[in-house]
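Student: Both chains are given apart, each in its own frame, so use the hints to dock them into the complex.
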Amino acid sequence: MVKLIRNRPLSGESVGYDSPSNDSDVIIRELPFASMVNLRVNPKNSSKLKDALGFNLPTKANTTETSAEIKCLWLGPNEWLIISDQMEASDLCQDISHSLEGLHYSAKEVSDNYASISITGQKTLDVLSKLTPLDVHESSFGTGTCAQTVLAKSNVILERLDANTFTLIVRRSFASYVWKRLIDAGVEFKTGVHGAA
Amino acid sequence: MVQAFRLPDGGKIDRSTPINFTFNGEKYQGYAGDTLASALLANGIHFVGRGFKYHRPRGITTSGHEEPNAIVDLNVASGEEAYREANVRAPVIELCEGMTAESVNAFPSLKYDIGSLNQWLARFFPAGFYYKTFMGPMAVFWTKLYEPVIRKAAGLGRSATETDTARYEFQYGHCDVLIAGGGPAGLSAALAAASGDARVILVDDGRELGGSLLSDPAIINGTDSGSWIAEVLGKLEKNPNVRIMKRSSVVSWWDHNFLNVWERCTDHLPAAAAKNQTRQKLHRIRANQVILAQGAFERPLLFNNNDRPGTMLANAARTYVTRYGVRLGKAGIFYTNNDTAYADALAIVEAGQKLVAVIDLREVAEGPNTEAFKATGVPIYANSVIADVDGKQRVRGALISALSSDGASLIDHGQLIECDFIAMAGGWSPNVQLHSQSTAKVKWDDVLGAFVPGKASTVNPSISVGACNGDYHLGTLLEDAFSKGLVAAKSANKPGRARKSPKADGRETGPHRWLWLPPGKKTYNKGGKFFVDYQNDVKIDDLELAQRESFVSVEHTKRYTTLGMATDQGKTSNINALGALSQITGKEVAEIGTTTFRPPYVPTTFMAYVGREVDEFFDVTRTTPMHSWHVDAGAAFEPVGQWDRAWYYPKAGESMQAAVQREAKPDRSQVGVIDASTLGKISVVGPDAGEFLNRIYTNAWKKLPVGKCRYGLMLNEAGMVVDDGVTSRISENEYHMTTTTGGAAGVMGTMEEYLQTEWPELQVYLTSVTEQWAVAALNGPNSRTVLEALTDDDVSAEALPFMAWREINLSGIPARIFRISFTGDLAFEVNVSADYGLQLWNLLMTAGQPYGLTPYGTETMHLLRAEKGFIIVGQETDGSMTPMDLGLGGMVSTKKGDFIGRRSLSRPDIIKDDRKQLVGLDTTNPETVLPEGAQLVFGEDMPDQDKLPAYRPAKEVVRMAGFVSSSYYSPNCNQSIAMALVKGGHNRIGEKVFSPQADGTVIEAVIRDTNFYDKEGVRQHG
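Chains as they are written, first to last, in the numbering used here: chain L, 6 to 202; chain F, 85 to 1106.
With the rest of the complex left out, here is chain F (with noise of 0.2 Å):
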């Protein structure tokens, strides 16, 4: 079949170039320029899909992105592989070769389907039908009905299953003025906008600019609006500060004139010639100045079944028929309730598509538009409706029926008319959905019969020009938008210099008659099937339903109803209820009132907001200088914040459990060495740094001499442990403070923010250094050794005691060695320039071989710090800790006056005495080791212990007396070694606690000390 509904000649499409694609499984032919539904319609398809809730047969009814019917899944395929999207609108699809879509909703298929049962049932689905029955009280109608059966039915298009292979990027932009839509008024908008030096950018979601013109051309400066278009966009195309973005929607507007533009670069593409391309982009731009032009919505009206395939708006069957060449179907029957729809029905007549009626709501058919009409001798019947359909699956007649004088009965029983679709005019709604975005209200214009925008917001200033202004007269909105064009430069101070705006005669319309709620064949209360909001299935007796249940603020009747929001938000459906509601109520409009339209302004896709933000790009992922040592050395990595730290290092087959016990073990008899370069480093420098350090720690700085170190405990201003170091003096004036690695911006910022807004009388300046050194730490007793090895400089404990830093030689390099131990044992933190941080671990690795030399990772240097008893803030402290909790309580000076957190110390929840306080746990079975996190329970709140351990803890309430924070086997030990905090615990030493496990088991310990190994600290001196 080819396309045996195209008309003879005209459209802008492209005849001698067919393009194949297919549709539920059959294959069809379209040209160059379809769009898939006019290609749909060329082919005689106007039955494209089914209903979100009843499953009703629906057709095409826009010719736009407002489509709230003709939504196909489609199989796209500008990725490596094609994949399913779900959801699209057939209206805007551009066709291109092997393009596969899908109808949504219909199981086994669109002519046959099970859901489509659920029309006979739809007095058993009411507004708020879930609301209603999923508060019911039989549980079981949740498993065997709701879930499997109702929930199933419901819903539109099926969700990819496939990984997305397409590549999607972000842009950046910024301009002084944007321009959305880029139809008459945009244009005009930009040609003044754009005749300064003003950076204007021109947004428009179709692939050709035009708007209207391109289905309703007319005369502007004395020529076509064809070649008046194509001059315009040379004249923009020539300028170097406008750009145009078309297949481009300005989807969503924030604050300061943020605007997320959303561009389709290949979805108008093959296959082939997508592949490998940038798929979508997601432009976000702030604009100086923006100026709406996104043009109008055109209403359906309100009739029984007025849904059926083939029924569809009066401006999509002149587009279809003008610009694509499409024969709707045999004979057509118009409906209007206004004048100016009589130029489109008398368009497609001059094209070649019969009509066989106008049914006119109006009482007398008058005006220019309706008299220059009458010329084609269409019959034309007024102060009448369309009383009923007939036809399921397609139109195939209307029921006309003369009204009463008040509009309000029918006075007839009516005659059925033959027709195979009918176009719908039900007045014009102004896209105000930007301009509600950008935070402003919209007000009601009773001529109108629509919202338009009102006082614009003062965040987002908007400026609306052309229809979605409500002016609909050409030669008006062109000399209006090109006024606002120069304002909009004007204030962005790139003021334009053209003078003459583009001049045109607009069309003179004729009157119009806002009947919201004609009556039918059945009323809509009464088995009518008065569809409001298509998508949603929503139909006006839902809306009185909602009126009468209380749900009366316009708010909760969308809510109730679910009315506009489905994907389309509304954007057929939104004025045709409120008007529809006013009737039913009493009430106007205007007080009625509307609902806020949200972001994005039509559905996009989930990806474009991710962009290149996937995989190796999820994150940034840091790593240190000797990095590529630990790659080559097979190392597993554990991320600590954005860096990538060595976390063992497993031999062949080697479990981590095995590597870590193994790692673990030269420390305290040989020598290991660990890349510590990712702590933090920031260099404190000022006549006041020592001052600045008491302020910032809770010990005291100012005596601290000249090459030597300190541990520092930070706390916030609650009083509570945030971050911990050593900070080494470098000289008078100069202190190297050294954080955790994931603190140390946070370090960085809280003490220039301290600097700047607290103290700004402190000399005192900051310099993060942490990436000027590569940081290697050697421990274990031959440390001296391997480093005596590398320099001639003197590394004794007399020379370089415990707590001192020195710079030395080290082969070359010139390094600081700081007497500092994370493990407790002799230890030596090397620090080099960070380029010569992998010569330095290799000359390390070579040098220590001889000595037992074993590289270990952060896993290693948690168990050694815990036989310790040393704190890792994170892992000891949760942010609720304060140094007496954690046995530190002698770090915090009372003598050197004030220092961040110090008055919270006294408070009374910080000094009572059945805080957690950390303490450490023998298991009474030394191979038992604790899992981290496991909670504790004193003896005296355990249940029945005869009964361990059957003991289940879910059947039973008890009270926790704590948790394990770190817990480990260690090698060097020979026991399980954990430290946890317990309340009270200070007080407790010598006391069990028990942790009852998922499995039933309970594992009983006796709470201790923190310090397991090396009890005198004789090793750290050595």
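Chain L on its own, in the form it takes in the complex (with noise of 0.2 Å):
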């Protein structure tokens, strides 16, 4: 047997960049591991995961429900993806199975899938709307809301946490290009990496 290392997407990739700072404009990290679950079933059974989850799958398109242990993220008309940092994915799918016995549903773990990068700081917004088509105004993606849009030349699964938070959800392979673009974005502010040597 050995130590498992989890070695996470961005693993390494801070490095040459300047630290966050008390006057940072945007402070740019990449968050730790989150147990992730893709699930897909009919929204007609939202209300059956409300044991599971804490909540009913959210049903309005690009929500999002919080509870102390789970997140969950609209994708789809029947897609869905849940996050804790707090529970295994296995426990989480084990829960879902229970509350959907007998049902048609699909919950697969996606947590070493995707690289969650968080973004934060007064010019978020402006790091943002270089790279993404999608409208991130308040009046239009307030806090709360996610997207599965288009950042660059990748996709990503958006979420606004609050005014000037976002966390971008990338596929695992994407993730260093969106990094740099992010960084590289923020050239003309102070820009801050988190965890830069």
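It is possible that some hints are incorrect.
Here are the simulated DSSO-like pairs of lysine-lysine, each with C-alpha atoms no more than 27 Å apart in a straight line [to be verified]: (1) F/Lys322 to L/Lys128; (2) L/Lys195 to F/Lys359; (3) F/Lys330 to L/Lys195; (4) F/Lys319 to L/Lys128; (5) F/Lys330 to L/Lys128; (6) F/Lys322 to L/Lys195.
What the hints contain is simulated information worked out from the structure, not anything from laboratory work.
Tutor: Laid out in structure tokens, this is it:
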């Protein structure tokens, strides 16, 4: 037996940039590992997951639901991304399977499939607007909304946590590209990279 | 020489801040606030360049983006180093310290230009010159005259040869109302539109907003217009919903109000200040509503030699005098066909610029502005024309003649009035370029003598206000723009709350006379030089010639003469050309019609459209979890789709060929490992998953037991192979599909589409799990031993037979082991969660060392699978191969029912027996490796075999039998191996084929089956 070493998609990618400071306009960091499950099920069963998740699956397009342990992002009419930094993915899948016993659904672990990047700071919108055609203005993409969209030449899942904080969930092999594009778009601002050496 | 042509006071320039610049190698000074054009004029320089075709001297003609003549090459210095930018317009270049500019089209110097000989040869360069002469029979003219002499003389500036090191960026934007133009109309519209919750973007191409008010101030709301502009801007800047973009132009308008706005961020800054900043941005803006407030262009007048330096538009003259404090010359002449221009004439006289005459085409010089001007005492010559211009490199005088009563001829020989500049006022043309881009039509207005916006497009509805809508009256345009601003905001469901429009007394105007083509000393068709399109050197006689030669439609006239096809897109020439055509042909202008305006509205730097998508950002580079190991191992990488895959791992000094031969051996004798993480992986879940796979693949799936794997072939509706891979049954309701690396996204998309649109009754959900798993494929007789060193679980042939999979604990890492083989040898594909991929790889490398574990790249993988005749989709297939063509007919189930592509497999063309079919080739000389892609010829088609190998393929036509799709030297077979697609190849086993090479040699080979190694296939079962 060996000690398991999780090698996150962006480990080592912070080298060579400025560290965040009090006057950073933008701070970019890779978020630590979290369990992720991609759930596909008929939305009419959304309330059946209340016990497993603590809330009904959000059925309004591009919305999110959050409990103390679990967050859920609407990805499509019958597709959700369930995220937890406290529960194991296998436990999440098991809870889901109890709730959906006998129904047609698919719950697949995708924790390793994605990298998660946080971007925050007063110039966050300026950086994002250089890269995504999505309108990230508060009036059309407010706190608590999410979208599968495009960032430069990569697909991303974008989630707004507050006025100036977003999470980008990116397919693992695209993570380095997205990471570098974000830092590059922040060149004209004071951009700090968490974990920078 | 210190700005000898600067007026003692006046102008919106900062006389306390001198700015040094260089033009054609000479040092000059201007002031902060100058443009390159105004600074040159302040130094007495009108003659700044030479024409496109005849190399005639040309001067500064306008004060804006419509400039056709004052084109210069600029050394731009906003990146690491200075580099040349060709063909920029002097009137819109803001002067900055250290600026260096050069004239275009002048060799060896502006004053003594060799190409100007062309003007004496003008009669040999008529309209359509290129079309006519290039069709000529004498090829020698091409190489001796056209290319070296005429083509060299044509064109304008010289392109940069250096790399552009400046930074360019894209920025996306969204708004409820976008307003193009920040003059009085644009400002008034913005005030109204932004008075509610609407998000408003106001775009202006200048360094300061105000438009015509900057050179033609007025009283608005009882205060001077300068204060009014400041007040409006103050209000707009405080509004967080408003974005004001200066130095920005709406260059293109695409469907559904998608607009490109080109912003010059640092072009006005000296090199040091601009360094490392973004030079220009291309904003891609989606607007709910668009208001156009772009103003109008003044037109030149047509007369003999109307292109001499010193000839400029009346409004430009006013702008240079009043806004930039420039003295245009010692004595000027105004030449007008309307009353409004007298206001400009009055303004420049009041500013201290001397005028010696006003030449008025109208029979009677009358109207409110004319009357006001008369107080200056400057003589007015009514019902008169400029019949000719004296001077070559600068206007020296104008020949003034009186018109006959019908305006068709001159009634005297005229008098020469000395002057050194001529201001032309030919009336105004609303700027309808963006309106036209929106796909809306324009309509002719007889009174305005111009095209005005017609009905708005339904896809991109535009609202035009102010001068670009033909409204030149400040009072009415302020009110109209204000109300349209409210309309736009309301249409965007964000109504404005303001109710009080700005008020002004507009200027009353008197009559005009649209005499498009007045007579001259020489008439246009008898040696007169009546230039209509300055930038492309199109004269009135060219237009007339096009009519005579049947290029009558205005679109044909345009292409034949190149009218309006220069970088200024005919901003100043369009209406004059149509008016002149009208006069020549006797048709109404409305009947002649106009051409279409196309993006970009102003010439735009190429790099603005490229942005940051250069070098490492040109495309995404996808990498696997083990990528850092490959890099450290010195791997060469191969792009596969967007992936960078390890291609081979050269040792010091080792060639690719040598590395591949070395990497390929252990996979048959010991053990090799390849990073196979890039393969597409799709989870197929649901009670109908088996039925779904039956319809997607050619073979049957329902009876595949849990724990087993099966190879599948995917066709398109045409019956052609499009993807392949192994799919494994995970549980009763779940399959794990693998696809090719490059095909993964397409397969996922196709399957989701079929589920949603064709077979919604199937209960199946798909999830892409490609990147959830890192995959290392062990191949070779020692592969089990390596695996056993890392696990206590049973991976024996009994517990885990060929084409089965199981979960094991691999040194603590949960792993799925698939016993599938792409080499035909004993093989295990180890799948772990991607985060553990690097650790897995390191564990394997350590555990495998005693057993000769060798990492191999994609090139060796290609070689190894070719030894077994396994196809690669995209190499053995090109979208026209059926399973039968590939010898995989056995993969097609005839019993299970329908699947994608099934009905196509019985079409006559698919079942005929001379289709190209996949075969193997043994070269007669086993050391000779056929080039991939080499064409093959059957023996019966080879010409005159006695002459081989002197045969020269280029001189003979032979029937091609097929081509080589894969070819290698196999160190495991000790011979060259190849696969080829050969017509009817399956029935030609044992026959010879020939491959003539470009060097004249011919490679001979014998057709065989595709399985070169371990024919019985025992090794993979080991």
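Student: Now, for every hint given, state plainly whether the structure supports it.
Tutor: So, going through the hints one by one against the coordinates:
1. Note on F/Lys322 and L/Lys128: the hinted pairing holds, with a Cα-Cα distance of about 19 Å set against a maximum of 27 Å.
2. Distance restraint check for L/Lys195 and F/Lys359: the Cα-Cα separation of roughly 17 Å lies within the 27 Å cut-off, and the hinted pair is therefore satisfied.
3. This hinted pair checks out: F/Lys330 and L/Lys195 have alpha carbons roughly 24 Å apart, not beyond 27 Å.
4. For the suggested pair F/Lys319 and L/Lys128, the alpha carbons sit about 24 Å apart, so the restraint of at most 27 Å is met.
5. Pair hint F/Lys330 plus L/Lys128 holds up; C-alpha atoms about 21 Å apart against a cutoff of 27 Å.
6. Our distance criterion of 27 Å between C-alpha atoms is met by F/Lys322 and L/Lys195, whose separation comes to about 25 Å.
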